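Chemist: Each chain is listed here by its residues.
2 protein chains.
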Amino acid sequence: MGEFDLIERFFKTRFALKRDDLPLGIGDDCALMTLAPGHQLAISSDVMVEGTHFFPDVDPQTLGHKCLAVNLSDLAACGAKPKAFTLSLTLPSIEEVWLEAFSKGLYALAQLYGCALIGGDTTRGPLNIGITVFGEVPKEQAMLRSGAQAGDDLYVSGNLGEARWALLGLMGKMTVPDARLQAIRKRLETPTPRLELGLALRGIASAAIDLSDGLLGDLGHVLKASQKGACLQVQEMMQSALLSKDLSSLPKDEALTLMLQGGDDYELLFSAPKSKAQALKVLAQELKLPLTVIGQVTENTGLELLGAEHLLDAQAFKSLVSFEHFG
Amino acid sequence: MGEFDLIERFFKTRFALKRDDLPLGIGDDCALMTLAPGHQLAISSDVMVEGTHFFPDVDPQTLGHKCLAVNLSDLAACGAKPKAFTLSLTLPSIEEVWLEAFSKGLYALAQLYGCALIGGDTTRGPLNIGITVFGEVPKEQAMLRSGAQAGDDLYVSGNLGEARWALLGLMGKMTVPDARLQAIRKRLETPTPRLELGLALRGIASAAIDLSDGLLGDLGHVLKASQKGACLQVQEMMQSALLSKDLSSLPKDEALTLMLQGGDDYELLFSAPKSKAQALKVLAQELKLPLTVIGQVTENTGLELLGAEHLLDAQAFKSLVSFEHFG
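Protein chains in written order, with my numbering: chain A, 177 to 503; chain B, 177 to 503.
By construction, these hints were calculated from the structure, which means they are not laboratory data. Since we're looking at a predicted model, the values are computed, not measured. There may be inaccurate statements among the hints.
Because identical chains share one entry, a pair is satisfied inside a single copy or across any pair of copies.
Computed cross-link-like contacts, DSSO-like style, restricted to lysine-lysine with a CA-CA straight-line distance of at most 30 Å [said to hold, decoys possible]:
{"id": "1", "residue 1": "280", "residue 2": "400"}
{"id": "2", "residue 1": "450", "residue 2": "421"}
{"id": "3", "residue 1": "421", "residue 2": "452"}
{"id": "4", "residue 1": "194", "residue 2": "452"}
{"id": "5", "residue 1": "315", "residue 2": "194"}
{"id": "6", "residue 1": "280", "residue 2": "452"}
{"id": "7", "residue 1": "194", "residue 2": "400"}
{"id": "8", "residue 1": "315", "residue 2": "494"}
{"id": "9", "residue 1": "188", "residue 2": "450"}
{"id": "10", "residue 1": "257", "residue 2": "188"}
{"id": "11", "residue 1": "452", "residue 2": "315"}
{"id": "12", "residue 1": "188", "residue 2": "400"}
{"id": "13", "residue 1": "421", "residue 2": "315"}
{"id": "14", "residue 1": "450", "residue 2": "362"}
{"id": "15", "residue 1": "194", "residue 2": "457"}
{"id": "16", "residue 1": "464", "residue 2": "315"}
{"id": "17", "residue 1": "450", "residue 2": "280"}
{"id": "18", "residue 1": "194", "residue 2": "362"}
{"id": "19", "residue 1": "257", "residue 2": "280"}
{"id": "20", "residue 1": "315", "residue 2": "257"}
{"id": "21", "residue 1": "315", "residue 2": "362"}
{"id": "22", "residue 1": "494", "residue 2": "257"}
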């Protein structure tokens with residue numbers, strides 16, 4: 177099976193669709209796209225590489241899901257509505273069973289959010305999956321990293337740390353009971369992009385980012401872009417919905433480290449003025465998704481972790497607050 | 177040097193720019209883009225992999241040029257004006273000298289065509305360079321592969337075959353005198369995307385494609401999409417500007433095979449009604465770029481290579497006309 181058969185069989189036919197805003201899809205030199213009046217296009221690219229982002233024996237169906245999910249998560253962070261994506265697939269060989277499963281996982285998520293595959297490239301080489309995703313957002317309404325204001329509350333959706341715990345468990349670096357691993361590895365392998373939340377936060381959040389590098393790292397990006405600092409209430413975080421039932425079975429210092437430094441959560445971190453607190457309470461109920469206040473944005477740059485010193489030994493505390501992104 | 181320093185140093189700073197149509201570039205979850213009223217966005221993705229598309233010891237500056245050039249060539253084939261691109265860079269290690277040269281080659285070409293770097297991803301793994309490029313084209317004016325009409329003339333810009341000859345020379349599979357290799361390897365390593373031509377062909381060409389796979393293969397894509405056939409005047413091609421001075425030093429059968437099957441030319445192949453012949457003559461003079469008629473589009477599907485049997489032995493002729501893309 178050559179490149180062209182491959183594209184036809186696993187991608188062009190399965191993903192075929194007719195949409196007025198996408199007059200030309202897979203199969204020409206370029207795809208063509210129109211934008212709704214008064215809207216901007218939001219664009220993000222993410223690459224996943226075997227050995228760096230996933231294990232060689234990863235289930236290809238979950239891999240198809242995750243590759244698109246991490247890109248959709250970037251759209252969510254901007255408050256953009258998914259529209260389309262391109263797929264650049266570098267494969268060591270053409271294995272039909274693998275491709276069938278990969279394309280199935282990819283398609284299921286794309287379908288769920290109306291995100292059309294409009295082009296890309298397939299080539300031979302070490303496994304590498306690049307996606308560029310496109311979303312639409314009304315002009316001036318995209319949420320940026322740079323909008324956090326002193327006094328804003330900082331919020332995080334869902335719970336944190338399970339994905340990293342699953343990863344460390346699979347790598348044999350942490351102990352995870354088998355039954356628990358089956359539950360938490362879903363967070364690692366099939367994350368849910370918080371698109372409904374992202375759209376709802378337009379006009380509410382002052383800044384937003386998706387949590388891919390871990391809470392402290394990504395908070396660092398927001399604070400740097402906004403030229404602000406933050407104070408986090410760590411003990412309150414440990415008693416909130418941020419700490420999942422599974423994670424609460426761990427010693428507190430381990431759970432806290434996973435929550436603060438674990439990556440691959442794909443929850444949203446955002447700031448919002450206190451005047452939006454009630455609206456966010458209602459939104460959390462509507463979406464059935466916890467939105468937890470973790471602290472406040474401060475005028476002084478730098479990061480304070482209130483209460484962390486009671487949960488971590490001195491060495492671990494020092495290592496957390498000197499985390500590279502704050503270096 | 178971490179990922180973030182890397183992006184800052186070699187990409188964000190060098191490529192920084194302010195443009196009204198690109199309100200947000202590198203450094204947030206998404207880039208933001210607006211479209212001129214009445215325009216569509218043309219999008220194309222191409223990946224280049226070490227060992228598949230370039231030699232491990234390739235000059236990184238020419239590699240930077242080529243990775244963007246092959247993407248711009250897709251915009252040219254659609255008649256789209258370059259606007260921006262994203263870069264997904266997978267690197268085995270961070271080598272500053274290599275990155276400096278790569279980014280320099282990339283920047284020079286991007287600058288020449290006003291194509292802004294607006295985002296992407298950098299990650300660790302076997303060398304893999306993915307670019308997604310964006311261009312603008314007035315609604316309904318993009319040139320597609322599917323528009324060729326029976327009776328249209330088929331044109332090719334520039335000359336063909338030098339890039340493949342250089343590749344085979346560098347691989348030791350064909351003999352190329354040293355002085356000649358220095359000249360022709362430019363065609364392989366720093367191809368010129370035919371953007372001026374592509375823009376000028378809007379309203380003139382009925383179908384267009386850029387020549388990356390080789391003339392016969394890419395002609396096959398146009399004919400398949402248009403549900404047409406073609407008849408090529410091979411002997412006339414061999415006496416035209418299509419055959420470069422360098423290539424004419426080869427035996428005729430070798431030169432012809434390179435012209436018809438060699439890839440990486442990045443010239444444009446297009447069809448146009450005979451009524452546009454005079455306009456195309458004038459255009460060729462204006463652009464100082466030969467535009468050679470190679471044959472005609474036919475209602476009958478299939479391909480006729482008139483005169484090729486006099487230039488090739490029976491085996492080579494059979495191999496050419498049964499070329500996979502026509503299978």
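Chemist: Evaluate each hint against the coordinates.
Modeler: Status of each hint after checking the structure:
With identical chains, the CA atoms of residue 280 and residue 400 are at most 30 Å apart between copies only, with a shortest distance of 28 Å across copies and 39 Å within one. Proximity of residue 450 to residue 421 under the C-alpha cut-off of 30 Å is restricted to the intra-copy arrangement: shortest distance 29 Å within a copy versus 74 Å between copies. Only within a single protomer do residue 421 and residue 452 lie at most 30 Å apart by alpha-carbon distance; the minimum there is 28 Å, versus 72 Å between protomers. Taking the closest pair of Cα atoms, residue 194 and residue 452 never come within 30 Å of each other, the shortest separation being 40 Å inside a single copy and 33 Å across copies.
Taking the shortest alpha-carbon separations for residue 315 and residue 194, both the intra-copy value of 26 Å and the inter-copy value of 17 Å come in at or below 30 Å. Neither within a single protomer nor between protomers do residue 280 and residue 452 lie at most 30 Å apart by alpha-carbon distance, with minima of 40 Å and 47 Å respectively. In this homomeric assembly, residue 194 and residue 400 come within 30 Å of each other (Cα to Cα) only across copies, at 20 Å, whereas the closest approach inside a single copy is 42 Å. For the homomeric pair residue 315 and residue 494, neither the shortest alpha-carbon distance inside one copy (42 Å) nor that between copies (58 Å) is at most 30 Å.
Taking identical chains as interchangeable, the C-alpha atoms of residue 188 and residue 450 are never at most 30 Å apart, the minima being 48 Å within one chain and 34 Å between chains. When the C-alpha separation of residue 257 and residue 188 is checked against a cutoff of 30 Å, the pair qualifies both within a copy, at 23 Å, and between copies, at 26 Å. Taking identical chains as interchangeable, the C-alpha atoms of residue 452 and residue 315 lie at most 30 Å apart only when both belong to the same chain, with a minimum of 22 Å there against 42 Å between chains. Taking the shortest alpha-carbon separations for residue 188 and residue 400, only the inter-copy value of 15 Å comes in at or below 30 Å, while the best intra-copy value is 42 Å.
For the homomeric pair residue 421 and residue 315, neither the shortest alpha-carbon distance inside one copy (40 Å) nor that between copies (54 Å) is at most 30 Å. Proximity of residue 450 and residue 362 under a CA criterion of 30 Å is satisfied in neither setting, with 34 Å inside one chain copy and 61 Å between copies. Neither within a single protomer nor between protomers do residue 194 and residue 457 lie at most 30 Å apart by alpha-carbon distance, with minima of 39 Å and 39 Å respectively. Within a single copy, residue 464 and residue 315 get their C-alpha atoms as close as 29 Å, which meets the 30 Å cut-off; across copies the closest is 42 Å, which misses it.
Taking CA atoms no more than 30 Å apart as the test, residue 450 paired with residue 280 passes in neither setting, with 43 Å inside one copy and 47 Å between copies. In the homo-oligomer, the alpha carbons of residue 194 and residue 362 never lie at most 30 Å apart, since the shortest distance is 33 Å inside one protomer and 42 Å across protomers. Proximity of residue 257 to residue 280 under the C-alpha cut-off of 30 Å is restricted to the intra-copy arrangement: shortest distance 22 Å within a copy versus 35 Å between copies. Taking the closest pair of Cα atoms, residue 315 and residue 257 come within 30 Å of each other both inside a single copy (13 Å) and across two copies (23 Å).
In this assembly of identical chains, the alpha carbons of residue 315 and residue 362 never lie at most 30 Å apart, being 35 Å within a copy and 44 Å across copies at closest. Taking the shortest alpha-carbon separations for residue 494 and residue 257, neither the intra-copy value of 40 Å nor the inter-copy value of 52 Å comes in at or below 30 Å.
Violated hints, in rising order: 4, 6, 8, 9, 13, 14, 15, 17, 18, 21, 22; the structure is consistent with all others.
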